[in-house]
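Visitor: One letter stands for each residue in the lines below.
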Amino acid sequence: MRLTASELGIRPFSNDRYFGGHGACPGCGAVSMLRQVMQTVGPKAYYFILASCAGSYFPGEFTVCDSSIIFTVYAAGFAEAEGMSQALELRGRTDETVVAYSGDGGAFDIGLGGLSGIAERNANVLVIVNDNQGYQNTGGQQSGGTPRGIITKSTQPFHQVPAAARNRKDLLELLAAHRVPYLATASAAFPRDLDAKLRKALTYKGFKLVHVVTACLNWGFESRLAIRVARLAVETGVHPLYEIEGGRRYRLSYEPTFAPLEDFTRLQRRFQGVDLALLKQDIAERWEDLRYKAARAWPASARQSA
Amino acid sequence: MALDEPAGIASSQRRIVTGAEAMALAYELAGVRIAYVFPITPQTEVLETMVRSQRVRVIPSDSEFNAIASATGVFWGGERCAIYTSSQGLVLMSEVMWEVAGNRLPMVMGVFNRALRGPAWTLGPQQNDSLFMRDTGWLQFYGETAQDIFDFTLLAMRVAERVCLPALVCGDGFYLSHQKEEIEIPDEAAVRAFVGELAIPDLPDSSRPATFGGVVTTAQQYFRLSERMHRDVVGSQDVFLEVAKGFEVLFGRRRTLTEPYEMDDAELVLMASGATCGAVREEVKRRRRRGQKVGLLKLCSIRPLPVGELVRHLRPGQKAVVLDRNVAAGTGGIFHCEISAALRGLVDDLVLLGCVTGLGGVDLTPEAAGELIDYLAAAGPAQQGLVHFLDETGLHAVGRTERCD
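The listed protein sequences correspond, in order, to chains A and B.
In terms of our numbering, the first sequence has 116 at position 116, counting the first letter as 1, and numbering is strictly consecutive.
In terms of our numbering, the second sequence has 292 at position 292, counting the first letter as 1, and numbering is strictly consecutive.
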C-alpha cells in the first residue's frame, strides 16, 4: 500500500499538529503513529502521558504539538485521565477529549490495575497504547508485551527461561472481558485504518482503546525501516488488525497476505537465534480464535451503547 | 448568608457528629462536587457518610493509588475533589503525593491516622502514615477534636490554594473518626463564602496548549523549584494566620497552629498533637489544682512547622517534653526531632525531651501523663540525650548511643 502525504492528510510544516523539535530517536516507529493520532483527535485534547518513551516525544520546557500535555508518574496516568474527564463533564466542557497515552509497560504491567479500573468504570477516555514490545525507554528490557522467546536486555539466555513458560499478554482480550464500548488494534503502517478506528472510537462516550504495535530501533533494524517492519508485523499475521465493540462483536479490519514470519524477523536482531516454531503456533492459534469470534453473530443489543 | 447582626458571625447549629462526619460535612458544605474513594479502616466512616450525600458524586476507585491519581485529574480539570484515607492507603499513594505537591495542586486530603504494617498488623492510631509524607511538600494539620477536623478542612482549602500546595488534615483513627462530639456547624452560605471558588493560576487549557510536569532541562531548574517549595511551606505559617483571621471574623473561632493551655506561667511544658492532647490536658488541669506550674502546648501542624508560634510560647528556663504518637526507628519521635532541630539557637536554656507514646493505639492515660510530668520535673539537660518510651508498663529511656546486647 503506497499513499502520498496529501492522501494521508498529513501536511508537514503547515497544519501538522505534532511537529519538529521532539526528542524521539531518529527513525522511531511511534512518532508517525502519534502524529496521525493528533491529526485525527484534533487540538481540543489533553494527553496524559504515562512515563514511557513519550517522555522524550514531548520535551518538558517547550511544546511540539498543539494539544496540552500532562506527564504523570508511571502507573497514575489512566486514573488521572479519568479524573480530568469527570471534571470536564461537571464543568460542561464536553467538546474536549481526554487521552491517556501509554507504552506497553504502562498498559500491560505497572498500570494494568488502573487501566482495568477506568475500563470497569467506563471512563470517558481514549487510551492509546504505543506497544513497542518492551521497556524501550530504559534500553530494551522485557515487558508483559514482549513476544515469547525473543531477546531483550533483561531476558536470561533462552535455555534458562523456556519460551513455553511465558507468553505475551493479550491486552485486548483482557479488556474485552471488561465489556467496554470500543477496542481496536492498529498500525502506523496502515494510517487509513488507524484514522478510521480513531474516528469510530471518538463516537463513543466512554472507554475506548486503540492498541498500536510500533517498531522500535531497539528491535535491531535499520532506522529507515520502521514503517516496513510495522507493515510486516501486520502482513505476517503477528499483529492482526481488528476491533471489538461492546467486548463481544469482533471485526477483522484487514486481511493480511500471511507473508512468511521470517520476512519480519530477519530484519531484526532481537530474533537472532530464536526458534520461531512457538511463535508461529501462537500466531496460527490467535488467528483461528479471532476468525471464530469475528464469525459469531451477536444481536445488536450486544453492542454496548454509550 | 445569615449573619448575627452585632457580632457579624455567621449563624450556625450545634450538632453531635463523629470526626469522620465532620470531615465529610466540611467538604460537602464547601461545595465539593466530586469524591474519589477507597475503603480502609478507620477512614471508611467518611466514605459512608459522603455516599449518603445527594450533592457529591462519589466514585469508588480501584485502589488508593488510583483514587489520588483520579483526584489529581479532577484538579487538572479545575474542580475540587474530596479524598481521604488511612495508613496503608496513604503509603500506597506516596508516589503520587510527590507529584501532586510538585505540580502545586491544592488538593486537601483527610487522614485518620492508623499504625502501618510494620512489626504487625493493627488498626490502632499512630501518626507514622501521614508523617511518612513529611518531606513531600504537603502541608499537614493535626486535629484533637471533631471541631478541629471540620475547621482545619476548611482552613486547609484556603491555605492550600493561597500557597499552591496540597494539604493533609489528620486526626487519630477511632479517637476522632468514630467518637461523637457536639460541634458548631456554620451556615452553608458562610462556608461557601469562606472557601470561595477554586482558583489555580495555571491549569491545562486546550485553547492555550502547554506541557505540564515534564522533564527539566537543567538540574539547576529542579534545585530552584525545590527551594521555592521549601520557602512556600515556611511561608504558609503567615498565610495560615491571615486565612485564620477571615475565619475568625466569619465563624467566631480563633484558629492558630499551636494552642496554649495554662502556658502563661508554666515551668513545665508538654507539647503534643492530636487526641493525645485530651489526656495531657486532663492531667495538666489536675496538677494546676495542686499548684504545679504545668502547661500544654497543642501542636496543630508539622508542615508548616509552627516555629514562629513556638518561639512566642516557649521561654528560657522552661523544661519541656514533646509527646509523639509516632516513632522514627533510630531517632525517636518525629515532632520532637523536628522541634529540637528548629529551636536550636532560637530559645536559650530550654530543656527539651522527647517521649514516644501511644504506638499502635496504646492508650495514653492522664496518670501516665502524670508520670511523665514527674519525670520532667526532675530531669535536666542530661536527659536530652535519651529517647523516652511511655506505655502501659511505665516510662523507659533509651540512650542515643546505646548498643544492643
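Hints are computed from structural coordinates only; laboratory data are not their basis.
As the structure is a prediction and not an experimental result, all values here were calculated from the model.
Some clues are possibly wrong.
[What the hints assert, rightly or not] Only part of the chain A face toward chain B is listed, based on derived beta-carbon distances under 10 Å:
no., residue
1, 45
2, 64
3, 65
4, 69
5, 82
6, 93
7, 120
8, 176
9, 177
Ideal placement from N, C-alpha and C gives every residue a C-beta, glycine not left out.
Visitor: Tell me, in ascending order, the numbers of any earlier hints that this structure violates.
Guide: 8, 9
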